[in-house]
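**Q** Sequence:
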Amino acid sequence: MTVAFTSGKARRAGVALGAVSAGLLVLSACGSKPTPLATVTVGSDSVNAEATCYNDGEAIKESQIQTCLDKKAEKTITVSADDRIRFGVDPEIAENGWTLFIGGQRAEQEPYKKTYRSIPASAFLSSQTGETANSAQISIVETSGKKLTGIWHFELKKES
1 MTVAFTSGKA RRAGVALGAV SAGLLVLSAC GSKPTPLATV TVGSDSVNAE
51 ATCYNDGEAI KESQIQTCLD KKAEKTITVS ADDRIRFGVD PEIAENGWTL
101 FIGGQRAEQE PYKKTYRSIP ASAFLSSQTG ETANSAQISI VETSGKKLTG
151 IWHFELKKES
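Sequence positions in the sequence shown follow this note's numbering and run 1 to 160.
Just to be clear, a hint being listed does not mean it is correct.
Listed below are the simulated DSS-like cross-link pairs for lysine-lysine, each with C-alpha atoms no more than 27 angstroms apart in a straight line [what the hints assert, rightly or not]:
{"#": "1", "residue 1": "Lys146", "residue 2": "Lys71"}
{"#": "2", "residue 1": "Lys114", "residue 2": "Lys75"}
{"#": "3", "residue 1": "Lys113", "residue 2": "Lys71"}
{"#": "4", "residue 1": "Lys158", "residue 2": "Lys61"}
{"#": "5", "residue 1": "Lys71", "residue 2": "Lys61"}
Just the calculated beta-carbon pair ranges, DEER-fashion [said to hold, decoys possible]:
{"#": "6", "residue 1": "Gly104", "residue 2": "Asp56", "range": "21 to 29 angstroms"}
{"#": "7", "residue 1": "Asn48", "residue 2": "Asp70", "range": "20 to 28 angstroms"}
{"#": "8", "residue 1": "Pro91", "residue 2": "Ser126", "range": "27 to 35 angstroms"}
Simulated from the structure, these hints should not be mistaken for lab results. All C-beta atoms, glycine included, are put in the ideal place defined by N, C-alpha and C.
Start from the sequences and build out the full structure, keeping to the hints where you can.
**A** Okay, here's the thing in structure tokens:
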């Protein structure tokens, strides 16, 4: 009578292979893919984020738009008034067009169709009364016609 013995090394390899297979199965069952990224760069510092609200390229429901715009930014970058802020988006966002919102309010009327743009920080840190703000929430909003399809939030903090 012959008994098959497997070495500890082979057993561990089998367990590892099983764990990887199970992990891949769970991920494929999930079905959710990451949203496109938006990036804000100041000097050599950069932060990027996935969308706060995104419906796989379809329009966000009207009833959810204000709630999405009001969400607090999770990504923060420090700026001084004389810095230039560079905004970058994935090509699929640029294809539809995107606009900037400041504090939940549309800052420009026409969507921008390129993947990159640069704007002086002073444009975001000064109020209508001429006072300097200590921070500003900037939202990159993907548009498709008149519909909003994605919202990314960033907070600009004034350097102290």
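**Q** With reference to the structure, classify each hint as holding or not holding.
**A** To see whether the hints hold, each was checked on the structure:
Straight-line distance between C-alpha atoms of Lys146 and Lys71 comes to about 21 angstroms, which keeps the hinted pair within the 27 angstroms bound. With a C-alpha separation of about 22 angstroms, the suggested pair Lys114 and Lys75 falls inside the 27 angstroms cut-off, and the hint holds. With a C-alpha separation of about 25 angstroms, the suggested pairing of Lys113 with Lys71 holds against the 27 angstroms cut-off. For the proposed pair Lys158 and Lys61, the alpha carbon gap of about 33 angstroms is over 27 angstroms, so the pair is violated.
The straight-line distance between the Cα atoms of Lys71 and Lys61 is roughly 16 angstroms, inside the 27 angstroms bound, and the hint therefore holds. Range check, Gly104 to Asp56: about 23 angstroms between beta-carbon atoms, so the 21 to 29 angstroms window is met. Range check, Asn48 to Asp70: about 22 angstroms between beta-carbon atoms, so the 20 to 28 angstroms window is met. Checked against the hint of 27 to 35 angstroms, the pair Pro91 and Ser126 passes, with Cβ atoms roughly 32 angstroms apart.
Violated hints amount to a single one, hint 4; each of the other numbered hints is respected by the structure.
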